[in-house]
Amino acid sequence: MNIAQRKFDTLVIGAGGAGLRAALQLSQAEATVAVVSKVFPTRSHTVAAQGGMNAALGNVTDDNWHWHMYDTVKGSDYLGDQDAIEYMCRAAPKTVVELEHFGVPFSRLENGSIYQRPFGGQSQNFGGEQAARTCAAADRTGHAMLHTLYQQNINAKTHFFDEFFAVDLLKNKRGDILGVLAFDIESGEKIIIEAKTTLIATGGAGQLFRTNTNASINTGDGLAMALRAGIPLQDMEFFQFHPTGVAGKGMLITEGVRGEGGYLINAEGERFMERYAPHVKDLASRDVVSRAIAIEIREGRGCGPNKDYVLLKMDHLDAEVIKKRLPGIRDTCMTFLGIDPIDQPVPVFPTAHYTMGGIPTNKNAQVVVPVGTGGEEAIPGLYAAGECACASVHGANRLGGNSLLDIVVFGRAAGKHIIDYLKSHRRHQALPDESIEQALQRLAHWETGALEHESSDHENSDHAKNVSVAQLKNRLQQVMEEYCGVFRTEDVLAEGVKAVQDIKDQLEYAHISDHSSIFNTARIEALELENLVELGLATVTSALARQESRGAHSRVDYQQRDDERWMKHSLYYLQDNRLCYKPVRTKPMTVDTFPPKERVY
Amino acid sequence: MRFSIYRYNPETDPRPYMQEYTLVDPAPGMMLRDALLRIKNEQDESLSFRHSCGEGVCGSDGMNINGKNGLACVTPISELTQPVIIRPLPGLPVIRDLVIDMSQFFTQYRAVKPWLIVKDPIPEVEFKQSPEERDKLDGLYECILCACCSTSCPSFWWNPDKFRGPAALLQAWRFLADSRDQATEERLQALDGPYKLFRCHSIMSCVDACPKHLNPTKAIGNIKKLMLKSML
Numbered sequence: 001m002n003i004a005q006r007k008f009d010t011l012v013i014g015a016g017g018a019g020l021r022a023a024l025q026l027s028q029a030e031a032t033v034a035v036v037s038k039v040f041p042t043r044s045h046t047v048a049a050q051g052g053m054n055a056a057l058g059n060v061t062d063d064n065w066h067w068h069m070y071d072t073v074k075g076s077d078y079l080g081d082q083d084a085i086e087y088m089c090r091a092a093p094k095t096v097v098e099l100e101h102f103g104v105p106f107s108r109l110e111n112g113s114i115y116q117r118p119f120g121g122q123s124q125n126f127g128g129e130q131a132a133r134t135c136a137a138a139d140r141t142g143h144a145m146l147h148t149l150y151q152q153n154i155n156a157k158t159h160f161f162d163e164f165f166a167v168d169l170l171k172n173k174r175g176d177i178l179g180v181l182a183f184d185i186e187s188g189e190k191i192i193i194e195a196k197t198t199l200i201a202t203g204g205a206g207q208l209f210r211t212n213t214n215a216s217i218n219t220g221d222g223l224a225m226a227l228r229a230g231i232p233l234q235d236m237e238f239f240q241f242h243p244t245g246v247a248g249k250g251m252l253i254t255e256g257v258r259g260e261g262g263y264l265i266n267a268e269g270e271r272f273m274e275r276y277a278p279h280v281k282d283l284a285s286r287d288v289v290s291r292a293i294a295i296e297i298r299e300g301r302g303c304g305p306n307k308d309y310v311l312l313k314m315d316h317l318d319a320e321v322i323k324k325r326l327p328g329i330r331d332t333c334m335t336f337l338g339i340d341p342i343d344q345p346v347p348v349f350p351t352a353h354y355t356m357g358g359i360p361t362n363k364n365a366q367v368v369v370p371v372g373t374g375g376e377e378a379i380p381g382l383y384a385a386g387e388c389a390c391a392s393v394h395g396a397n398r399l400g401g402n403s404l405l406d407i408v409v410f411g412r413a414a415g416k417h418i419i420d421y422l423k424s425h426r427r428h429q430a431l432p433d434e435s436i437e438q439a440l441q442r443l444a445h446w447e448t449g450a451l452e453h454e455s456s457d458h459e460n461s462d463h464a465k466n467v468s469v470a471q472l473k474n475r476l477q478q479v480m481e482e483y484c485g486v487f488r489t490e491d492v493l494a495e496g497v498k499a500v501q502d503i504k505d506q507l508e509y510a511h512i513s514d515h516s517s518i519f520n521t522a523r524i525e526a527l528e529l530e531n532l533v534e535l536g537l538a539t540v541t542s543a544l545a546r547q548e549s550r551g552a553h554s555r556v557d558y559q560q561r562d563d564e565r566w567m568k569h570s571l572y573y574l575q576d577n578r579l580c581y582k583p584v585r586t587k588p589m590t591v592d593t594f595p596p597k598e599r600v601y
Numbered sequence: 001m002r003f004s005i006y007r008y009n010p011e012t013d014p015r016p017y018m019q020e021y022t023l024v025d026p027a028p029g030m031m032l033r034d035a036l037l038r039i040k041n042e043q044d045e046s047l048s049f050r051h052s053c054g055e056g057v058c059g060s061d062g063m064n065i066n067g068k069n070g071l072a073c074v075t076p077i078s079e080l081t082q083p084v085i086i087r088p089l090p091g092l093p094v095i096r097d098l099v100i101d102m103s104q105f106f107t108q109y110r111a112v113k114p115w116l117i118v119k120d121p122i123p124e125v126e127f128k129q130s131p132e133e134r135d136k137l138d139g140l141y142e143c144i145l146c147a148c149c150s151t152s153c154p155s156f157w158w159n160p161d162k163f164r165g166p167a168a169l170l171q172a173w174r175f176l177a178d179s180r181d182q183a184t185e186e187r188l189q190a191l192d193g194p195y196k197l198f199r200c201h202s203i204m205s206c207v208d209a210c211p212k213h214l215n216p217t218k219a220i221g222n223i224k225k226l227m228l229k230s231m232l
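Each protein sequence line maps, in turn, to chains Y and A.
Reminder that position 37 of the first sequence reads as 37 in our numbering, one-by-one numbering, no gaps.
Reminder that position 147 of the second sequence reads as 147 in our numbering, one-by-one numbering, no gaps.
Okay, chain Y solo, but in the shape it has when bound (with noise of 0.2 Å):
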């Protein structure tokens, strides 16, 4: 085979704040990385998070890791394993400090400590008084993390493709997984990147909905190549809806709003946020308020000429304050829309932002698969980190300001893991040809143009003929949209299922008329289009099966959480479209677990 092939002991495909995190561990303890990355690693996705990330330092408010984890427990609706979650935020505030030693310019107190806010979701006490745990570097905290980890990366010579696009994993037949087959998109060059251990870094897959706060690159790539090689994906029916995007257009606007002093107001002007969450107002969980939006709209009491959107007001802020803790947002609202908010409310509407599921992972981060007596296991060398992974750390629902944590605790996490198995596991194994033939092929498909090799006589291939990448996409988006939104009944829901099947099937017909070598964009988007359809899949069918209320997934029919049949995460199989479940690690690893309890704000 003339394809290039280069030897690491470890790849890490995706260079966000996990991957990063991860490289840069496993860099400083001498090990050969690889980042794998489709785009220059500061374009990744973790650069545009805003708000910032919690650790119960107590800079600000009395605080403490435990109480931090009884708000994550509580805010995933009981569907987060409580290991994990103990795991994240006892683990939190050393992270934090160690990021701020690799130079992230946090924004400080008159004591010169980190400066931390108040996020939703945050109490003291397990439930008392409202906790300030959210460290940030003024309303860009994603930006100041990803190119502080990037710089430490430099520094420490991680070894970097950048803009190579990996294409499927590379395994054998026991289903280890050995590398991945890439290409360089600069020149459309293939190269096996083998490989002792894996990490998936890739993100989420926000580009599933018409509407959302995620970069065009958030196509789940990761996640699908996962599905692909045999393993299921966890939990991926609860899809986080951020209260706060600019009605219409999509762009985040951040929790630390609401957390700085601004809140939410319906066409009456009145701050509804009080009716839904009397105890908390504006800083209930993420869900709570987005569906609160959601019924303002829906009974009439929504905004502008066609009442199709709230308000954020923060005009009632010290101008200082919005100059000095959301410079970001405000130039977002300057831009986007031509409106200061230091002088006038914004537009606001629940947006498609955040992938709660993913690839089943443990604390370490290791890729955990169901074995056939019941129980789970390790897949050996294979791990996962961020929002592509699924710890379950944020469960149904997760809370603002964790994401940002959970990307460097398991990114170290796996590094520290990866770092244990290489000392036990000093060789490369044979790759087998059929792997790369197989990942071949579905390149092949995109670079020949479909249509060439597919029999002439297809019954649609007329129809299908006039199908492009761009238009499936668009479809996509708006059948996610509107079969699998805030709101879900059975009905629509099997209906979404059909419409998603219907276009994955003419997908295979589609062509791309563009089949150069050179920075092909047309054929990477038709890749991506390839790994989003099967998560549109995971998604809707997960939804579909998930009869009752919990986090966001707002089931109409089932309106209660219904804990004796569901406190149990989704596995769904690309096979099929088979769906099994597995208990939740409701035991954490030291301390007593918080059993289920109704959810109030």
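Everything labelled a hint here was simulated from the structure, so no lab data went into it.
All figures in this text were calculated on a predicted structure; none of them were measured in a lab.
One should not assume that every hint holds.
30 Å max Cα-Cα, derived BS3-like pairs, lysine-lysine [unchecked claim]:
no.: 1; chain 1: A; residue 1: K224; chain 2: Y; residue 2: K324
no.: 2; chain 1: Y; residue 1: K157; chain 2: A; residue 2: K113
no.: 3; chain 1: Y; residue 1: K7; chain 2: A; residue 2: K113
no.: 4; chain 1: Y; residue 1: K498; chain 2: A; residue 2: K40
no.: 5; chain 1: A; residue 1: K212; chain 2: A; residue 2: K113
no.: 6; chain 1: Y; residue 1: K94; chain 2: A; residue 2: K119
no.: 7; chain 1: A; residue 1: K224; chain 2: Y; residue 2: K416
no.: 8; chain 1: Y; residue 1: K587; chain 2: Y; residue 2: K94
no.: 9; chain 1: A; residue 1: K225; chain 2: Y; residue 2: K323
Model the placement of chain A on the given structure of chain Y, informed by the hints.
What follows is chain A alone, placed relative to chain Y:
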């Protein structure tokens, strides 16, 4: 709305050319990136350009728009005169269409050691930094590495291999200005000589081009001042 876009695919085109496109019914408030995506999706999928976040934070879609460098995703088309002339960022090799080879730009960035250097033992807690000390990093750490500044700088066009360029020098100052950093001497020494820093002639094209409203010229001035001070 009419567009004239630089096209070049080295596999098939003997030389670059400008291609005309017309976009019917552009949406009100549309940004240039969305207009380009519509052209790509509806008329010509072979048109290549980088883009990602769509809100001016990832730094992917720097391009030369009616003669001025900027980010397509935060440039409203309503402000542009027609035909909108779009070219790749100037001064660096073109890979294809609007996609440039940024290697030299990143080499210069890496050359200023853009990471925090601390020599004292690391404490258990965070390094303390007063709000006033932290304020000095505002206007510096926000750089998104889009290269709009460096590719608008005539000094960088002439000496992209020797002159660090405004983006890298802004980062050099970001670490010099950081109260936690302990490598001032080395950083200054590394910038000495006729090219790395001193090729800046304060033309200020970089300031004009920066989509994040940062001021590399001022940062470069600050480095020069500090250098002078350390020599006295």
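Structure-inconsistent hints, enumerated in ascending order: Structure breaks hint 7 only.
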